[in-house]
Amino acid sequence: MGHKTPLYELHESMGGKLVDFGGWDMPLHYGSQLEEHNIVRQDSGMFDVSHMTIVDVSGQEARKYLQYLVANDVARLEVKGKALYTAMLNEQGGIIDDLIIYLMTEKGSSNEWYRLVVNCATREKDLAWMADRAIGFDVTLNEQPELAMVAVQGPKARAKVAALLGGSREQAINELAVFQGFESEGWFIARTGYTGEDGLEIIVPDDEVAKFWSDLAEAAVAPCGLGARDTLRLEAGMNLYGSDMTDTVTPLESGIAWSVAFEPADRQFVGRDVLDQQKANGGYDKLVGLVLETRGVLRGHQRVIVDGIGEGEITSGTFSPTLGFSVALARVPAGTGAAAKVEMRGKEIDVRVVRPPFVRNGKKVFE
Amino acid sequence: MSNVPGELKYVSSHEWIREEGDGTVTIGVTDHAQEALGDVVFVELPDIDAEVSAGDDAGVVESVKAASDIYAPVSGVVVAVNEDLEDAPEMVNSDPYGDGWFFKLKLTDESELDDLLSADEYTAACEEE
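Protein sequences appear in the order of chains Z and D.
Heads up: the first sequence begins at 1 in the working numbering, then just goes up one per residue.
Heads up: the second sequence begins at 368 in the working numbering, then just goes up one per residue.
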């Protein structure tokens, strides 16, 4: 048996089909992955993401340490509660993990601290890496295993959570900017997500999360599993660590160059030299979107053939419930144009190469 | 445990077979199979008049999770396919033994029916998986 989140019994009683995910017993779906996907695009759904690892970083040199640890620059966080998406790299520029960093205090305050949310499957290597890099910095790392996390996503998600919580939280949620969070009596509520819809990710003490989940269900927020979470994030063109990026590829090769802060040029972060070199030389592989508008489903690890250029590989593929056909992310050679072929079940099938995302706020967005 | 109707025959690759009494059989995938597949999004069916031998690939079912081959459980000639699955593949999930049928075969060797599993034998085979 794997680890259980504080919502395990509720998943079982609500009909969740539980599967192993990175050592955790998590719901894959509660009946139909497609229905859960669609309800998030049209209304609201909730996901138990308590398996994710939360680490608080404090100390005199917290900012200096994070500026060295990750490829994005936490000095870009100007406002208390603001979120930053970034990758943590090894010395070769390979991605150890992707993460979200929240600034939890006013910028520049004497007790400045940050909250990091990293993946569960990479927890041990992340914690070991972060501890090793912390040597020589006046910094304290505190994992927060007693915090649970729920993502409530969809066009009606924010309004439903606001109405449910009421009072000062209701007002704060209604006024919350994108990629911004706030603390409230031990809760941390942020307008972030992994679905391409509006919504919230809410960090809640373990002993309060079951009531919150039940209250959300009462407010007609549908429980959704990891299956829908995967199709939603893929439609939204968001990478999954371990599939679309690993410790052998860089952010430039993974479609997240935008999350690397090359300026200021004198900020020395782990992996920087390799990225500078790669950027200067060019010619590196790129992560693109593939679209198959006829029958069939693109799947991870299928071979991509680019005539006259070379070959690549699908890193994640799925049937897109919103679009009604298949989409994928694939790593392909630099010179890949608008067309490619994918080897599917022994046949080479024509696909279009597009720039992700595929879907945002319920609608098709690629050309 | 999933639904395994007593009047049907089965193979361990999770197809069911219904004898129609006129030398033809109807074939689909079991409730156990549809549950394991998850939501079905595309179904590829064999061509009418195609000749298949027992154990041949006769189609593909694609779900949100994976693509799986559909095997011909017995030898025969394809005499009908369920074209409604093209627009409504979800019927494989909602009604695997009824509207979710795949294709019909005219048998070339009726003695092959003796090799098929009964409902009890199929249930036992699933439990061993």
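Keep in mind the hints are simulated off the structure, nothing from the lab.
Every residue, glycine too, gets a C-beta built ideally from N, C-alpha and C.
Hints should not be assumed to be uniformly reliable.
Which chain Z residues face chain D? A few, computed with CB under 7 Å, are given here [to be verified]: (1) Ser32; (2) Gln33; (3) Lys286; (4) Val297; (5) Phe319; (6) Leu323.
The hints, checked one at a time:
1. A cut of 7 Å between beta carbons decides the hint on Ser32 (chain Z): the least distance to chain D is about 6 Å, and the hint holds.
2. Nearest Cβ of chain D to the Cβ of Gln33 (chain Z): about 5 Å, under the 7 Å cut. The hint holds.
3. Taking 7 Å as the C-beta cut-off, the interface hint given for Lys286 (chain Z) is violated, the closest approach to chain D being about 27 Å.
4. Interface restraint check for Val297 (chain Z): the shortest CB-CB distance to chain D comes to about 5 Å, inside 7 Å, so the restraint holds.
5. Checking Phe319 (chain Z) against chain D by beta carbon gives a least distance of about 4 Å; that is within 7 Å, so the hint holds.
6. Here the hint on Leu323 (chain Z) is broken, as its CB sits about 11 Å from the closest CB of chain D, past 7 Å.
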